[in-house]
Amino acid sequence: MAIGTYIAIGVGVIIVLWVFMTYNSLVGLRNNAKKAFSGIDVQLKRRSDLIPNLINTVKGYATHEKELLEKVTLARTSIMNASAQGDVKGMAQGENMLSGALKSVFAVAESYPDLKANENFLNLQEQLEETEDQIAASRRIYNENVTDFNNKIQMAPSNIIAGIFGFKEQELFEAQESERANVEVKF
Amino acid sequence: MLWDTVGTVNISSIRSRCAKVEAKCQFLEENPKHLSKQFLKSYIIGIIGTSVGLSLLVFGVGDNLGIFLIIFSWIYTGFLYKEIKKLTVDMIKLQIAKQKNWIYNPDEDYSKWQKLSQIYPELFRMGNEKQYIEDQFWGNMNYKNKIFYFHSGLFSYDVVTRDSKGRRHSTTYKKHFFNIYVSKSINCKFILTPESMFDKIGNMFSKKEINTESNRFNKTFAFTYQGPKEEQSQHIVKVLTPAVQEKLLSIHDRKKNPQILFNDNVISFMFDGTLFKKLHTNFKKSLDLDQRDVDFLTHELEDILDITTEMVQYLD
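Line by line, the protein sequences are chains A and B.
Number 209 in the numbering used here belongs to position 160 of the first sequence; there are no gaps in the numbering.
Number 844 in the numbering used here belongs to position 65 of the second sequence; there are no gaps in the numbering.
Excised from the complex, chain A in its bound form:
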């Protein structure tokens, strides 16, 4: 065989290897982003599980805060629905609503000394605050992973492979500008 043939075979093998490695890398990054998303889901579910207990505790003391507690329940339901559909934007929107509503609940609790001193309430507050930290961290990790994946899809030469095999950009876990307004609660 002529030297040219060997060179052509060598180049061909290198190209094939590069295609395999790039494809696998894209799959790995996409799966990491999915894994990070499920990490957010786990933390959101954990927080969701704490909320019914919180509502029951607050109801016993702050009987007039029905509207506020309904907002909390509504936000919780919205997150659960969005999570079931894999709707990232919906989850981000619901998560912001719920965080705002919970802040209001804890602010309202300041006006009810008996509630503030309740051990169950204090315990729930601590757990919810800790879960907020975990959710924030999970969001940042998810967004980092998605950015890595989106960069790989957009940058040359891996964008060629991404285009051929139909890899699509993923959404970041963030609310729209209009949705970032503070949740207003009327008492």
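Just so you know, these hints were derived from the structure itself, not from any lab.
Any given hint might turn out to be false.
On the chain B side, residues computed to face chain A include the following (Cβ under 8 Å) [to be verified]:
id, residue
1, N994
2, Q1024
3, E1025
C-beta: ideal position from N, C-alpha, C; glycine also.
Add chain B to chain A, keeping to what the hints say.
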């Protein structure tokens, strides 16, 4: 109550070893100008030695003696300066320990190293000569309404090699560590270390055994553990929550070569280099402890305890 990683803390024994440093502190309080005079003395010896040596050289009376005097006087100056500096640093650390109600021991402790290397060989079985622990602090700290007991120190060791001509080369390494006692057991033993180039190359050809949610964390740290993967990964993942991953990455960015060992009730953090890079307290100007030195050590401990509290939250 105090806690030591490998045994009990004998407060009276440590205090008796610190008696010399304590006595120096006492002497300085009574003679505030003494330290400045000592530094001045060391410089004067160097200058006089150099002057005499230069004179001998200039007048051709004794060239070899002149050179010897110049070199010797500055070596002696350097030695004296180093001794005074070490004593000053020990006094500052002792003052910090007193202010925080901790115990401090500046001495080199060879037996402590032997015990630590038996229990934590992954961290302490390093070097081939002159391994010891010094600059030890024992104390407790209230962080987020919980009391944590800690034992910290400086691990020093020499690596001695011989070149092709049989000449001996010795390099001294220093690493500072913080061992924290946690009330809940982690139920496994694993160590996190920065991924080496070999780890990165290996991961290109085979899937990494344990992966967390964060891409960056997986690329930054390598896991080493004992026991079956199915059992160990459960405990490891429980400890490494998203918030913990972020904080460990933050520590990796700020500190050199962080190694974190988890072993039942003890979490051990080890970093390259000494703990205090620069001390602000200057006993030549004033005998008061500079609060920045105290705040620095407190801040370092709080960072470690921040990660520790996050880790133990979900443990049984």
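A quick look at each hint next to the structure:
1. N994: Because about 5 Å separates N994 of chain B from the closest Cβ in chain A, which is inside the 8 Å limit, the hint holds.
2. Q1024: 7 Å, holds
3. E1025: Result: holds, 5 Å to nearest chain A Cβ.
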